[in-house]
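Using the sequences and the hints given, assemble the complete structure.
Which chain is which? The protein sequence lines are H and B, in order.
For the record, in the first sequence the residue sitting at position 62 is 62 according to my numbering, with numbers rising by one throughout.
For the record, in the second sequence the residue sitting at position 29 is 29 according to my numbering, with numbers rising by one throughout.
It is worth saying that the hints were derived from the structure and are not from the lab.
Note that this is a predicted model, so its numbers are computed, not measured.
Warning: the hint list may mix true and false statements.
[Claimed, not checked] DSBU-like, lysine-lysine: derived pairs with alpha carbons at most 30 Å apart:
hint, chain 1, residue 1, chain 2, residue 2
1, B, 32, H, 38
2, B, 32, H, 419
3, H, 332, H, 419
4, H, 414, H, 228
5, H, 414, B, 32
6, H, 81, H, 38
7, B, 209, H, 125
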Amino acid sequence: MSQTSTQNPLTVDVGEVATAQPCTLVIFGGSGDLSHRKLLPALYNLALDGVLPTNFAVLGFAMDDYDDERYRAFAHDGVAKFSRRPIDEQHWLDFQRALFYVRGRFDDGAAFQGLKRRLEEIEPKFGIPGNRIFYLAVPPSLIRVCVQQLHAAGLVNREGEGPFTRIIVEKPIGHSLASAREVNATLARVFDERQIFRIDHYLGKETVQSLMVVRFGNSIFEPLWNQKYIDHVQISVAEEEGVGTRARYYEEAGALRDMVQNHILQLLCVTAMEPPWSMNADVVRDHKIEVLRCLRPLTGKDVETHVVRAQYGPGYHHGVAVPGYRREEGVKPDSTTETYVALKVFVDNWRWAGVPFYLRTGKRLPKRASEIAVQFKPVPEILFNLNPDAPLQPNVLALRIQPDEGLSLRIATKRPGPKVRIWPVRMDFRYDTTYGDQTPEAYERLLLDVMAGDATLFMRRDGVEASWTWIDTILDAWARSGARWLPEYPAGTWGPLEADRLIESDHREWRTL
Amino acid sequence: MTSANPDPRLSSHPPREVDLAAIERELNQLWKPPEGDGATQDVLVRACMSNLIIYCATREQARDVAEQVPAIVRAHPCRVLLLTGEAEDPEDDIDAYVSAHCHLVGDHHQVCSEHVTINASGDAILSLPSTARELLIGDLPTSLWWASHEAPSLGGPLFTELEEMAAQVVYSSLTWTDPVRGTITAARWAAGADPDATRIADLSWRRLKPWRRLISQSLDPAVRPGALEAIQLVEVEHGPRGLPQAWLLVGWLAACLGWRPAGRTWARGWDYAWRFRAAHGPVEVRLRRLDGGDPEVRDVAVSWRSGGQSLAMTFAMTAPGRLAAWSLSLEAEPHILQAPIQSGALLVAFQLQDFARDTLFFEALRASRTMAEALT
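See below:
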């Protein structure tokens with residue numbers, strides 16, 4: 001999947017990871033929070049592991065008044081605070097050698113010329129053949145101007161013409177189908193689709209990748225992975241934090257746009273997709289998009305019966321009283337932005353006909369936990385399942401995405417003794433006990449994939465637009481409803497009663513995370 | 001109950017001598033919850049991803065290896081069977097010990113692996129394979145780490161019996177006392193081995209991975225167009241006992257770049273030299289042994305011609321965990337690769353998780369054999 005024009009016979013089998021190609025990574029918004037917390041620590045860890053290309057440099061580009069030295073200090077602080085491994089000052093010295101900074105506004109053509117000059121100065125020093133990755137760690141409203149200025153400054157090579165140029169775009173891609181199309185069109189005017197990497201860091205998480213292996217690397221699960229054996233699926237992404245400092249963004253977004261449109265629908269796709277015939281990026285993404293196309297649209301009345309939205313009210317977090325959403329700083333006192341959403345959705349294809357997928361996500365829930373739980377159908381009411389007052393608990397395969405990454409399978413066992421007494425036990429696999437506690441961060445894997453030109457774990461234009469097409473109908477219904485009030489759930493609880501009713505009306509219940 | 005360890009998150013149960021017939025029962029005893037006030041609040045989790053048979057030819061070797069076992073099982077939980085065949089001791093004797101090594105995961109989970117030690121001497125050595133066979137956990141892959149200072153191919157029937165139980169044989173050519181004989185016999189054995197039955201892994205080859213990565217990236221056609229097709233000279237300096245590893249590195253270049261061996265030659269100031277034929281012309285390879293320090297490859301220089309100009313790059317371990325490549329005639333900045341320092345234990349642990357057949361290793365070993373045979 002890598003796209004070198006000239007083959008290097010020595011790269012054969014050098015490592016288990018995709019071969020990252022020599023390049024400069026330019027981070028737009030290089031002095032921002034994402035760089036500080038995630039990108040620079042991820043790059044440092046990749047360097048520590050010896051998997052970064054040796055001909056490599058990082059160039060931060062932002063408006064803050066930094067120079068190279070101040071930027072290195074900023075990066076050092078980020079790595080020291082947020083790296084999964086402690087900073088090693090010896091290695092740091094090598095790493096920081098290749099860190100640079102250019103100050104400039106994103107709408108200033110002269111700043112882009114300065115950026116270009118700096119790149120042309122750095123690349124020969126480090127033996128970088130002109131390959132460039134532009135990481136847009138900026139608000140969505142700045143994507144257009146950044147892309148236009150890159151193009152105007154002659155910083156973009158078309159795919160296959162000279163050294164590669166790639167662009168990474170952070171979510172959210174748009175705010176609706178129309179705005180997502182606009183962002184995609186802006187990108188497409190300058191970049192070929194193969195040059196665009198739309199990042200959803202959930203897809204870089206080990207457990208999400210491991211779901212593909214569980215499904216398609218084991219012969220015991222895939223034959224059962226259909227409507228004949230599966231009762232329902234629950235996908236939960238719970239956050240314990242409130243809106244924090246993101247009120248301005250969150251007021252415009254809400255839980256549906258912020259979490260469901262991207263992360264949760266991506267998890268749904270990996271859970272429900274048909275087996276791809278290869279791991280080629282486009283093949284995998286084609287199969288995921290098929291799931292989105294099969295999602296039953298929720299329109300009009302369906303939205304009322306299948307979707308619950310709510311806001312957190314005052315409550316407790318770790319024993320401390322916390323305000324409700326409408327009292328958070330930066331939030332309108334009459335806000336109708338949802339901080340919680342639960343949905344019942346159906347994938348209308350042969351495999352999943354009639355199997356409900358219950359999705360939920362929310363802020364200020366009791367703990368941070370994400371999982372995909374596949375609940376199998378109960379055994380017939382004969383033999384050990386005769387007592388209707390104490391039915392056997394069905395098998396559940398649960399994949400924990402965070403924390404305690406791993407999977408568990410609930411099965412029925414006989415308790416020792418003369419009587420037949422059945423007890424459900426959980427067979428548990430944890431990544432940290434089996435493979436140690438140093439699982440790479442999602443951004444590490446994803447950055448390396450961009451350097452290698454592998455887009456498997458990134459969203460393609462049609463995938464983004466397909467998910468917005470489905471989400472838009474819910475947003476439209478909400479807009480039409482003119483709701484001035486949303487149900488509340490106390491902070492520190494598992495969501496509103498309405499969400500319980502959504503699943504309990506089907507004689508099922510939410511799993512305790 | 002547990003012995004102290006420099007890492008507070010690691011602990012080991014001290015070895016307890018047990019009857020040979022009671023090893024399995026004694027291992028089960030290790031998992032019974034302790035009684036009394038001193039009982040730990042931690043949850044004990046027995047973890048096992050595979051079986052690991054380790055063979056040592058002396059008790060001294062076994063002591064060195066035993067010190068590495070806690071770190072191995074921390075990275076790769078497995079049941080360890082450490083076998084020692086003390087051939088110098090003529091008295092028939094065999095004794096067994098059981099132990100467990102634990103490490104803390106989170107605040108209260110102790111993840112533990114079992115460790116069985118069996119020491120044999122005299123004719124009792126012949127019983128080691130059958131004892132190992134009884135103790136293997138079914139349904140799990142088995143690896144044999146041949147930790148003797150002789151190549152596994154020189155291990156005779158004992159090795160053959162142990163090898164039959166294993167899906168993978170691991171060894172380190174850096175420890176061989178006779179590298180020439182070891183390389184030749186190991187290459188012959190590997191050439192004849194059934195690739196579907198047993199995976200063969202030399203830890204010295206694994207240690208070369210950062211070197212290969214750095215050389216590959218520094219000479220990449222996108223960075224250095226034409227360099228790989230114009231190499232004229234490769235010079236390698238290695239530490240004591242690093243000759244097989246140096247051969248593997250040269251063998252890798254030869255295999256990847258299509259060089260064919262053309263016999264031995266002589267170069268002043270160098271211990272050995274060989275000629276290869278490449279599509280673009282002859283390539284000379286020179287090796288030199290450095291007396292002190294690490295046994296491994298220490299530096300490599302690659303020279304080529306481009307546009308009538310002679311160019312060269314030097315690759316060296318400039319500090320622990322830091323590989324660098326530089327050229328006086330090319331870029332100002334050296335290329336640096338962090339090569340995480342991997343203890344022998346970690347190398348073994350990573351190798352135990354890697355059962356893929358490494359075709360390139362076999363090709364490098366075949367080229368190594370050609371160079372070694374030229375010395376006999």
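Quick one, are residue 81 of chain H and residue 38 of chain H close enough, alpha carbons at most 30 Å?
Answer holds: residue 81 of chain H to residue 38 of chain H is near 10 Å, not above 30 Å.
Could you grab the alpha-carbon distance between residue 332 of chain H and residue 419 of chain H and see if it respects the 30 Å cut-off?
violated, 61 Å
For the pair supplied as a hint, residue 414 of chain H and residue 228 of chain H, is the alpha-carbon distance within the 30 Å limit?
Holds, because 26 Å separates the two Cα atoms, which is no more than 30 Å.
Quick one, are residue 209 of chain B and residue 125 of chain H close enough, alpha carbons at most 30 Å?
Since the Cα atoms of residue 209 of chain B and residue 125 of chain H sit roughly 25 Å apart, the hinted pair holds (cutoff 30 Å).
Given hint residue 38 of chain H paired with residue 32 of chain B - CA-CA distance at most 30 Å:
The hint is violated at about 44 Å.
Sort out whether residue 419 of chain H lies within 30 Å of residue 32 of chain B, counting only the CA atoms.
holds, 26 Å
Given pair status - residue 32 of chain B, residue 414 of chain H, alpha carbons within 30 Å:
holds, 21 Å
Violated hints, in rising order: 1 and 3; the structure is consistent with all others.
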